[in-house]
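Asker: Here's the letter readout for the chains.
There are 2 protein chains.
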Amino acid sequence: MGETATAQGLAEQLVRSRALIPTGAQGVYGHGEDFSFAIEGLSRAINRLFGRQAERMRFPPVTPRADLERIGYFRNFPHLLGTVHCFCGDERTHRDLVKTHDAGGDWTGAQAASDLVLTPASCYPVYPAMAARGVVPEQGYTVQVQSHCFRREPSTDLARMQSFQMHEFVRIGSPEQAWAFREEWTERGRDFFAALRLSAELEAANDPFFGRAAGVMGQGQRQQQLKYELKVAINDAAATTACMSFNAHLDHFGKALELRTPDGEAAHTACVGFGLERIALALFRWHGVDPAAWPSDVFDLLDG
Amino acid sequence: MGETATAQGLAEQLVRSRALIPTGAQGVYGHGEDFSFAIEGLSRAINRLFGRQAERMRFPPVTPRADLERIGYFRNFPHLLGTVHCFCGDERTHRDLVKTHDAGGDWTGAQAASDLVLTPASCYPVYPAMAARGVVPEQGYTVQVQSHCFRREPSTDLARMQSFQMHEFVRIGSPEQAWAFREEWTERGRDFFAALRLSAELEAANDPFFGRAAGVMGQGQRQQQLKYELKVAINDAAATTACMSFNAHLDHFGKALELRTPDGEAAHTACVGFGLERIALALFRWHGVDPAAWPSDVFDLLDG
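Protein sequence lines, in the order shown, are assigned to chains A and B. Read left to right, the first sequence gives residues 1 to 304 (our numbering). Read left to right, the second sequence gives residues 1 to 304 (our numbering).
Don't take every hint at face value.
What the hints assert, rightly or not - Beta-carbon label-pair distances, calculated as ranges: (1) A:Leu49 - B:Ser296: 21 to 31 Å; (2) A:Ala194 - B:Arg52: 30 to 40 Å; (3) B:Gly211 - A:Gly211: 40 to 50 Å.
Stated by the list, open to error - Covered, in the sense of this in silico footprint (three residues per stretch, anywhere, with C-beta under 8 Å from a C-beta of chain A), are these stretches of chain B: (4) 17-26; (5) 93-100; (6) 111-124; (7) 207-216; (8) 289-302.
No lab work stands behind these hints, which were simulated from the structure alone. Just so you know, these numbers come straight off a predicted model, no measurement behind them. C-beta: ideal position from N, C-alpha, C; glycine also.
Only chain A is shown next, with the shape it has when bound in the complex (with noise of 0.2 Å):
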């Protein structure tokens, strides 16, 4: 199959077509009808393909502040985290954020910061719900979950969303049962791929994190081998996009929340993301624009 469209190219064309509408905010799209059913579908088929025997959760796009402290995200991602606030003020406070806006300026310095931020990867509200039950049972815990997940990272690449949308499978119980289930999906991921006929390369890599740090502890997740993930060409052939994350998060989630197994320890975890715009983007720009003309086991596979 060859290439449709170049990367500047495939973008004027989904705004063409309607698939992808433009916010005026970068990295924030709508989906019109054909982008629609490609994230549906993908939705859809991962479900009825993995979802069997996972638990399903869905969570909103905002979680409590306080979660993500316990969990330490905004010591390593602080440039990634968007926090919540609102407005707390009387009449008058508002009636002078309203002259200040009429007169150009910056309204927004009576918005507080409130009890909630937006969920980073659709994973994080999982492990509180499930420390809240008490001991993880001999068997751990598979659950599905999907949400909207925010990552403040304006760019005009249309592969890097500030708002985009995240299929997780997440594996909580002891080390062993968390590694293996992070190694089986590395397969699952590939056939997968192959089944939506995507070129997909494995790799290890490591979370963006911040500041200087950063080279140190990205290094460190490389070594362990904590994080791979599966890439396709959206942009172009030489600089591939990861459209699955498989990561192996160790005890960090057992210790911060307190999540223990039977005995006594804290529990391991592990996950694996489908990044679904991303996905749908790689569709678009290996089988063309109009999914109707889709590879026909592929539209089946999203149309079931």
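Given the structure of chain A, go ahead and fit chain B onto it with the hints provided.
Answerer: Just chain B now, with coordinates in the frame of chain A:
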């Protein structure tokens, strides 16, 4: 069909059956198997019954702040708006922030307002998207849209969530087209609730404006019959909750966003919204906490 639970009892039962997953933040719940079934089933049923002649759009839970400023949302509903803030500092600022947090202080002082806010209603992103297309065609537009919405009203009342999903149908066109659409939909809405075997009452209503002007503005809306709601008993039989709303905006959005009809006039708009979580709560309240035991026609409608 008898009432199956008191308000307090319903919350307890839905948490016990893991249909709802408390997050610790008021009005922010995860959805387990049964609640996901109801929400996804309602969305599919609405699409199947009413979606065919409407252009499908889906927007993320964040939207440009500039659009809500043009629409004037922060003038009328400052208390409900969530703004998205982020960290723009350097490593030194970050070290200070972590120190402040670890000393038990408020570390959010370094967060600055971004260009994004949380979407307060599913239809808001539709108007700027359509304005970007130029003059509204003679036949107008009919759009169906669903998104996660946010309104800052922390509450222990299950039926008043801060983060919730709204499915909407939106009409943009002449004054006659917009008004007729709103009128037709009040009948369709009643039929939908009858199909769900829920007893619903149509009532005149008004938006929850901020401050002292609220009374006057609300009365104006009622006098002009701009807003109706279909209300269902969720918490108790006396105090019903709006599960659908039918709104005529006159030329409010048309003027604010320079959305014009071929005669050069500001377009009129109308929208009807389904509050998915509230309708799901009503189903659990009146048909019981186990969807498998719901009346078979209701179950089939959602399972289709």
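Asker: Run every hint past the structure and note whether it holds.
Answerer: Checked hints:
1. A:Leu49 - B:Ser296: 21 to 31 Å: 29 Å, holds
2. A:Ala194 - B:Arg52: 30 to 40 Å: Holds: the Cβ-Cβ distance is about 34 Å, inside 30 to 40 Å.
3. B:Gly211 - A:Gly211: 40 to 50 Å: 43 Å, holds
4. 17-26: holds (count 5)
5. 93-100: With 3 residues in contact (Cβ-Cβ under 8 Å with chain A), the coverage given for the segment 93-100 of chain B holds.
6. 111-124: Contact hint for the segment 111-124 of chain B vs chain A: holds, 6 residues under 8 Å.
7. 207-216: holds (count 3)
8. 289-302: violated (count 0)
Of the numbered hints stated above, the single one contradicted by the structure is hint 8.
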